[in-house]
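J.: For reference, the chains in residue letters:
2 protein chains.
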Amino acid sequence: MERVNIAFLGFGTVGTGAYKIICNNGDTILNSDGIRLNVVKVLVGNIHKKRSICLPEGVLTDRFEDIIEDDSIRIVAEFIGGEYPAKNYIEQCLRKGKTVVTANKEVIAKHGLYLTKLAKEHGCGLLFEASSVGAVPVIRIIRESLQANKISKIMGIINGTTNYILTKMAEEDLSFETALQQAQDLGYAEPDPTADVEGYDALYKLSILSSLAFQTQVRVEDIYREGITKISKEDIQYAKELGYAVKLAAIAKKTEDGIEARVHPTFIPEKHPLASVRDSFNAVFINGDAIGEMMFYGQGAGDMPTGSAIVSDILHACQNPCGGNFLDVVKSNSIRVTDNWKTAFFIRMTVMDKPAVLHAISGCFARHNVSLWTVVQKGSGDGHSKKTVPLIFITHEAEEREMRAALEDIANVKEVTEINCCIRVEK
Amino acid sequence: MERVNIAFLGFGTVGTGAYKIICNNGDTILNSDGIRLNVVKVLVGNIHKKRSICLPEGVLTDRFEDIIEDDSIRIVAEFIGGEYPAKNYIEQCLRKGKTVVTANKEVIAKHGLYLTKLAKEHGCGLLFEASSVGAVPVIRIIRESLQANKISKIMGIINGTTNYILTKMAEEDLSFETALQQAQDLGYAEPDPTADVEGYDALYKLSILSSLAFQTQVRVEDIYREGITKISKEDIQYAKELGYAVKLAAIAKKTEDGIEARVHPTFIPEKHPLASVRDSFNAVFINGDAIGEMMFYGQGAGDMPTGSAIVSDILHACQNPCGGNFLDVVKSNSIRVTDNWKTAFFIRMTVMDKPAVLHAISGCFARHNVSLWTVVQKGSGDGHSKKTVPLIFITHEAEEREMRAALEDIANVKEVTEINCCIRVEK
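Quick note, the sequences are listed as chains A and B, same order. 243 is the number that the numbering used here gives to position 243 of the first sequence; each next residue is one higher, with no gaps. 43 is the number that the numbering used here gives to position 43 of the second sequence; each next residue is one higher, with no gaps.
FYI, nobody ran anything at the bench for these hints, they're computed from the structure. Just to be clear, a hint being listed does not mean it is correct.
[Said to hold, decoys possible] Computed list of chain B residues with no C-beta within reach of chain A, every gap over 10 Å: (1) Asn-5; (2) Gly-45; (3) His-122; (4) Gln-184; (5) Pro-193; (6) Arg-219; (7) Ala-290; (8) Gly-307; (9) Asn-340; (10) Asp-353; (11) Ile-394.
[Said to hold, decoys possible] Covered, in the sense of this in silico footprint (three residues per stretch, anywhere, with C-beta under 8 Å from a C-beta of chain B), are these stretches of chain A: (12) 11 to 24; (13) 73 to 83; (14) 304 to 312.
[What the hints assert, rightly or not] Label pairs and their in silico Cβ distance ranges: (15) A:His-122 to B:Lys-49: 54 to 60 Å; (16) B:Asn-31 to A:Cys-54: 43 to 49 Å; (17) B:Tyr-114 to A:Gly-323: 30 to 36 Å.
Even for Gly, the Cβ is constructed at its ideal location relative to N, Cα and C.
Isolated chain A (complex conformation) (with noise of 0.2 Å):
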């Protein structure tokens, strides 16, 4: 049996969970990787403030001098979360040759090579399997078990309170609105939503997975990003009746004209195994030449999955005091980021019933190269009213650019009253 002393940086809801691990699982650890993990120290802010787990005298601290300055502390876990202070904290813990495992997808997704050229500098790791998509090991997966693929596409629902307000409006009819709202009363969301709702987090979360993927930079800045906030229930409702789901989608492909990485909602279809992850449920879905199609899913947050997550990296740490840095295998920026992708598209407009509506709005489509594949025009006046009406499209694939300046076009027909919403579809 081996002891090894290990620090947290932060005690909030992951910290917990991943010292609850620590101490209820010690036996099953032991068994299977001979190891008694020893937590010596933890940082907080307020050493007095009332906590739900009881740590032993002397554990709790205030001092980052306390833990930098141990040299029995070979391991720290980082659980503060967001760009600073977290980044210069584990920055310090990498110079001081500290094996740092952190969750924290913002500092790994901007500053990750950085600071694996640091750890490597100093003998020690950086390991972040809880960074992305929880307790799956999605990670670990792509860097261990499918090293001899070439990987052509991931495709992912890696944003949990997301999936979750989508999952409602679809199942319960309900808004964007008040689904929010039901997913910030269960905690699902936090009061300020917008690093979920507007794609952030699942933002940085693909700029990790497909660098890894890809062996290449995918930088924050190269990624496309669209969030939920304008999908309404009516745009659900078409999906359902046309045999597709809406989520939102983080998709990263590599092609001949290079890689191609964007967030944002999209339009699955009801066979496809993503589909049918509900609720707050992650799922990232991999394509290799030699696994074909594989999908992992799971709980993609919350205490006791992302802390398991976090303690099964700290063993791997444990057995491997001088490196295994996950992204060893990323090279800055070698293959060009395009950002003219090709997908096939939903659109729904609202129009004037009148004659030769169609025919106008088609043409826009056709000038621009976008080909169609569906049409659902639903009439209720006779063809001549001042009445609207709603009027669907689902493209063949299209490029970007071309979808935009269809639209575009089509924004200046006189009887588009709106263009209500254009989704992504994926296959």
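Using the hints, position chain B against chain A.
T.: Below, chain B alone, put in the same frame as chain A:
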């Protein structure tokens, strides 16, 4: 860069797949692991046979000695399949200190603990990710990512052939025989389909997965096994009407009574993620105290998917020449394996359309503490005819032994013409 010499035993479907991956994805592997794999010997029965892949001069051999006596070969991948002579070859390689990588579920399920001991004695390893669920790295996930969890349940669709057959029966309303024939025509099923349709293949895999998950030996002979040959179109149609999919499930649970492990046709609720696993795909659903629910989905067989798992194991063997034995954590039978589990049941019987039939049958259930949840009686006559009608029950959870006793009693009710089937129901 490190060059590693390896040898193959056998060069069938999976061996060819692994060889293709090593040739085609050599650069990807080099970037991720810094290793160049070099297949120096391939043992075959007939070196003159025409093959789809042309190997370099001198690689093919029909002499096992060329491999076992070549000290430059550190790793041997076994693709022969079946218990013998594969087990003997593996044994000899381990005795020579060569790490063995294999897809052989039968050898691992039956002799895994013994061979692991042998590997440890000789300072080498025994890796078998490819033995269960093909490309899906479920073994490595259990061993290296969920090691901080107490796993309470594994439920998997781990045989692609039977899943293909059941999918065709459900979606195209085929009989078992027709669907099996289609599977054989497509090469999904062997000319002798016994190992698949009678559940032996799933049994070996479940023995391996549950032993790893529960860190205790779950022997082949401890697992209950029932195949899919008696499943009829009618059962599948009733399942659909009642909101279930019929799957050949491999289930292992750890309860206070010990471990239960079983492979049998199973009603799975439509909303369960396993219900939507179609065609020849496999999936494994895991419950752990920290992770909650997790599922892994992918190709369970085939040259390239299984080859991918083999090559991944080879790379791990290169990095950890003295071990990496998956079965290290398994104790021989330290926990009791029970044969009296609790499940709900779907029961279809054919009865005379007469008064008091339901009364008599429900009395049998009651006497053995089986409580009914759903009863579907589709009457067609006047309740006094000589016609028979189908009678369907879904029970609440009941003990296996009680249910068997109840069914014996019911078989003695003279208005019961036939008990057509009894299928377990999982939540």
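J.: Against this structure, judge whether each hint is valid.
T.: A quick look at each hint next to the structure:
1. Asn-5: 17 Å, holds
2. Gly-45: Given a closest Cβ separation of 26 Å, the condition holds.
3. His-122: The claim holds: His-122 (chain B) sits with its nearest Cβ about 20 Å from chain A, beyond 10 Å.
4. Gln-184: 22 Å, holds
5. Pro-193: 23 Å, holds
6. Arg-219: 19 Å, holds
7. Ala-290: 4 Å, violated
8. Gly-307: At roughly 6 Å from the nearest Cβ of chain A, Gly-307 (chain B) sits no farther out than 10 Å, so the non-interface label is violated.
9. Asn-340: The claim holds: Asn-340 (chain B) sits with its nearest Cβ about 26 Å from chain A, beyond 10 Å.
10. Asp-353: 40 Å, holds
11. Ile-394: 23 Å, holds
12. 11 to 24: holds (count 4)
13. 73 to 83: Since three or more residues must qualify, the claim that chain B covers the stretch 73 to 83 of chain A is violated, with 0 doing so at under 8 Å.
14. 304 to 312: Holds: 7 residues of the stretch 304 to 312 of chain A have a Cβ under 8 Å from chain B.
15. A:His-122 to B:Lys-49: 54 to 60 Å: Holds: the Cβ-Cβ distance is about 55 Å, inside 54 to 60 Å.
16. B:Asn-31 to A:Cys-54: 43 to 49 Å: 48 Å, holds
17. B:Tyr-114 to A:Gly-323: 30 to 36 Å: 34 Å, holds
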